[in-house]
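Turn these sequences into a full structure, and let the hints steer you where they fit.
Keeping their order, the protein sequence lines are chains A and B. Everything in the first sequence is counted per our numbering, starting at 5 for the first residue and increasing by one. Everything in the second sequence is counted per our numbering, starting at 5 for the first residue and increasing by one.
If you're looking for bench data, these hints aren't it; they were derived computationally from the structure. The reader is advised that the hints may include incorrect statements.
Stated by the list, open to error - Some chain A residues flagged as far from chain B (calculated, every beta-carbon gap over 12 Å):
(1) M17
(2) E26
(3) S34
(4) E43
(5) V86
(6) T106
(7) Q138
(8) Q242
(9) L250
Said to hold, decoys possible - To give a feel for the contact side, a few chain B residues facing chain A, derived at Cβ under 10 Å:
(10) L170
(11) L310
(12) A411
Beta carbons are placed, not taken as given, at the ideal position from N, Cα and C, and that holds for glycine.
The primary structure of each chain is shown beneath.
2 protein chains.
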Amino acid sequence: MLQLLTLEHALEMLQREILPIEESEWVETSDALGRILAEEVRAGDDLPPWPRSTVDGFAVRARDTHGASESSPVYLRMGPEVAVDDAPGGRLLPGEAWPVATGSVVPDGADAVVMLEWTSVHGQVVEMVRPVAQGENIIGAGEDVPAGSVLVPRGRRLRAPDLGVLAAAGITRVKVLRRPRVAVLSTGDELVSPEVRDLPRGRVRDANGIMTAARLRQEGCHVVGPRLLPDDPQVIGQALDEARRLDAVYVSGGTSAGSRDLVPQCLSGLSGVRVLAHGLAVKPGKPTLLAVWEGRPVVGLPGHPLSAGLVMELVGVPAIRLRMGLDGGRRPTGITACLASEVSNTSGRMLCVPCRLRAAGDGWLAEPLWSKSAAIGTLAVADGWFVVPAETVGLAAGSLVTVLPLAGGVGALD
Amino acid sequence: MLQLLTLEHALEMLQREILPIEESEWVETSDALGRILAEEVRAGDDLPPWPRSTVDGFAVRARDTHGASESSPVYLRMGPEVAVDDAPGGRLLPGEAWPVATGSVVPDGADAVVMLEWTSVHGQVVEMVRPVAQGENIIGAGEDVPAGSVLVPRGRRLRAPDLGVLAAAGITRVKVLRRPRVAVLSTGDELVSPEVRDLPRGRVRDANGIMTAARLRQEGCHVVGPRLLPDDPQVIGQALDEARRLDAVYVSGGTSAGSRDLVPQCLSGLSGVRVLAHGLAVKPGKPTLLAVWEGRPVVGLPGHPLSAGLVMELVGVPAIRLRMGLDGGRRPTGITACLASEVSNTSGRMLCVPCRLRAAGDGWLAEPLWSKSAAIGTLAVADGWFVVPAETVGLAAGSLVTVLPLAGGVGALD
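Here you go:
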């Protein structure tokens with residue numbers, strides 16, 4: 005009999021048992037999008053390395069502008085222009101105003117910049133109608149990032165802006181974790197490759213393999229497979245034995261408590277493999293298996309594609325993220341939406357409901373999609389899914405729910 | 005003087021002016037993650053092609069189980085087992101119960117399946133202690149997706165589950181839009197390549213080029229560049245003239261109203277280019293330029309990296325999504341969070357505030373990050389950003405805000 009584990013408990017176990025990859029490699033910063041930083045990057049020099057103007061205008065001594073107003077302007081001597089790509093030509097003296105552009109180095113002797121719009125030039129005299137405070141319109145040396153401080157922390161999955169920060173600091177190569185190598189297996193005598201055009205009666209094309217592989221690639225994995233396996237304990241056992249030497253194994257089908265419950269049976273024959281959970285208190289997704297071998301996750305997904313897709317988001321993605329040193333147990337981020345119709349939960353388990361999202365007023369409306377758990381079409385119709393907690397008998401129309409994308413990543417909700 | 009356009013107005017103009025790419029190409033379904041479907045895909049056959057059992061149990065005529073209970077079981081004759089990978093061996097007769105597995109074809113003559121747990125077998129007799137209704141535990145032929153109906157709609161950015169649905173229907177090649185080719189240019193005499201180790205005084209390494217290129221790649225673009233350009237109207241003009249023949253141009257710097265306002269000047273010299281907006285009523289991001297040439301966007305980003313990163317999310321990403329036929333004007337999806345400290349808005353413009361997200365109770369806390377707009381370090385610290393509307397003088401601590409990721413996509417909030 006299945007011992008059903010709550011999702012929370014399952015995630016805690018994964019967090020405790022999965023060990024992150026330690027091997028790293030150097031890549032060009034420009035190729036590092038989505039990779040995970042293996043060690044923190046510190047700034048070698050101050051950023052900016054010298055005080056820079058943040059506006060177009062005139063560098064001055066702030067005290068020289070005190071009291072300036074429309075009715076009583078201050079007049080300063082025009083100094084040499086500081087080109088944006090050059091060093092200032094000397095030191096600013098009291099009573100002087102040096103033209104600067106946004107980004108220009110502020111000359112020594114100056115401690116503020118007056119914006120162009122509060123000035124007018126009369127020959128060699130600059131008229132100013134507003135005072136400035138010390139430091140105004142200047143970003144000081146190291147004020148952005150001081151030399152030696154952390155630019156980007158270890159374990160960060162690098163985003164486009166992170167690459168910008170690294171480029172600004174002159175860091176053109178970064179040490180990142182190597183990509184996880186993950187096996188994707190689909191079990192079932194009834195399965196045939198998606199390439200089979202005329203389906204023999206009783207057969208079904210494998211959907212989980214391609215779906216799981218794509219989802220893992222999206223997370224940055226190198227996928228081995230998908231590979232189809234018959235319901236043969238010998239074959240499954242050998243495939244699992246080979247696959248476990250990779251960073252993670254995702255196997256779908258053969259995990260239910262029926263007569264073909266082969267995956268847990270084969271796993272228990274492999275030394276060192278520990279089954280953490282056989283059965284999740286989640287609907288759909290009861291026939292989910294979680295195991296570990298030397299810190300590597302083995303995730304058994306249900307055979308039904310809709311269930312497999314949901315379980316992948318619930319525990320499959322957290323498992324591989326933990327293997328990548330990310331915080332896989334962290335609460336996933338979702339979109340708050342208003343439930344379009346009531347949902348009841350008589351399962352006594354946590355219920356995952358696929359839904360469509362529609363813009364409504366300032367917010368979002370979540371329309372639950374109902375289907376038998378074997379229905380696969382729902383996967384292409386759903387924008388995301390939300391949870392009805394186990395202890396809840398239902399949610400009324402108008403309740404607020406947190407909708408999670410059915411497959412994280414770019415454009416999931418386009 | 006800049007004519008400031010509201011973000012809403014700017015997005016409307018983009019939506020009206022940008023034409024989607026029309027050229028498409030065929031790719032393997034397994035390589036199609038993130039690509040945009042150029043034409044809808046319909047199911048060639050019913051899915052499933054025949055009625056299948058959704059549970060392990062016995063196929064029966066529902067009427068034969070009427071009245072079955074623990075105290076008064078029904079007894080049926082054992083029929084031949086239907087293997088999950090085979091066709092049933094004939095037609096089920098009244099009074100028979102045929103063993104089926106999850107996924108087995110339901111034999112003709114049967115109209116329901118009794119779950120294994122409500123049965124026991126005594127030799128050639130199957131005892132049932134629960135009745136089933138017609139259709140129970142069966143997914144009918146075409147009940148999931150009927151032949152001829154739309155499996156995945158045109159214009160969908162393909163997600164992992166979409167690939168699963170296509171595979172299930174035997175669709176191994178799909179017609180997708182070709183990738184947009186996009187030029188990324190950075191202007192400014194002060195700019196040097198990130199590879200320059202020892203920065204000459206006054207110079208600054210280009211951060212916008214790599215950041216913008218990475219963000220566009222994340223959206224599925226083929227990027228030409230990044231390329232550095234001096235503040236020379238001749239050079240900029242020629243580069244823009246060449247670049248506009250691609251699908252989109254992203255150029256940073258040279259768009260402020262100061263002395264080096266070269267990009268709008270050069271663009272206005274190119275025949276057929278129409279400037280839609282020079283200046284956005286957004287802080288930071290005022291020096292933003294939006295133009296079109298034959299349905300292709302030309303996006304002028306501010307020179308400051310933090311502003312450039314925000315403006316990229318505000319209008320840059322919507323512009324390229326529109327070129328890809330996606331709904332770029334659609335309201336972006338974000339995470340509802342509780343503001344950790346008060347934020348004031350004296351700008352009279354829409355204010356974008358970078359923030360950190362922290363888990364707090366059941367929800368999220370948004371901690372505003374303050375920095376001069378020239379500061380780039382903030383880009384690597386922020387999880388996302390939220391908006392304070394122009395008509396609002398501020399938001400109190402505890403207000404609910406919608407936090408948008410600083411760079412969409414996988415793991416942006418890991």
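Fill in: Minimum Cβ distance from A/Q138 to chain B greater than 12 Å, as the annotation requires
15 Å, holds
Item to complete: Examine each Cβ of chain B, and state whether all of them lie more than 12 Å from the Cβ of A/E26.
Response: 19 Å, holds
Worksheet item: Beyond 12 Å from chain B, beta-carbon-wise, is A/E43?
Response: 15 Å, holds
Fill in: chain B versus A/T106 - minimum CB to CB distance exceeding 12 Å, so not interface
7 Å, violated
Worksheet entry | 12 Å Cβ clearance of A/V86 from chain B | 8 Å, violated
Worksheet item: Holds or violated: B/A411 as interface residue toward chain A, Cβ cutoff 10 Å?
Response: 4 Å, holds
Discussion item. The output says A/M17 does not contact chain B. Does that hold with a beta carbon cutoff of 12 Å?
Written reply: It holds; A/M17 is separated from chain B by about 20 Å at its closest Cβ, greater than 12 Å.
Worksheet item: Hint check: is the beta carbon of B/L170 less than 10 Å from a beta carbon of chain A?
Response: 8 Å, holds
Fill in: No chain B beta carbon within 12 Å of A/L250's
19 Å, holds
Discussion item. Checking hints one by one. Is B/L310 an interface residue toward chain A, by the C-beta closer than 10 Å rule?
Written reply: Since chain A brings a Cβ to about 8 Å from B/L310, closer than 10 Å, the hint holds.
Fill in: Non-interface claim for A/S34, where every Cβ of chain B lies beyond 12 Å
5 Å, violated
Worksheet entry | Consistency of the no-contact label for A/Q242, given chain B and a CB cut of 12 Å | 20 Å, holds
Checked against the numbered hints above, the structure violates hints 3, 5, 6; every other hint is satisfied.
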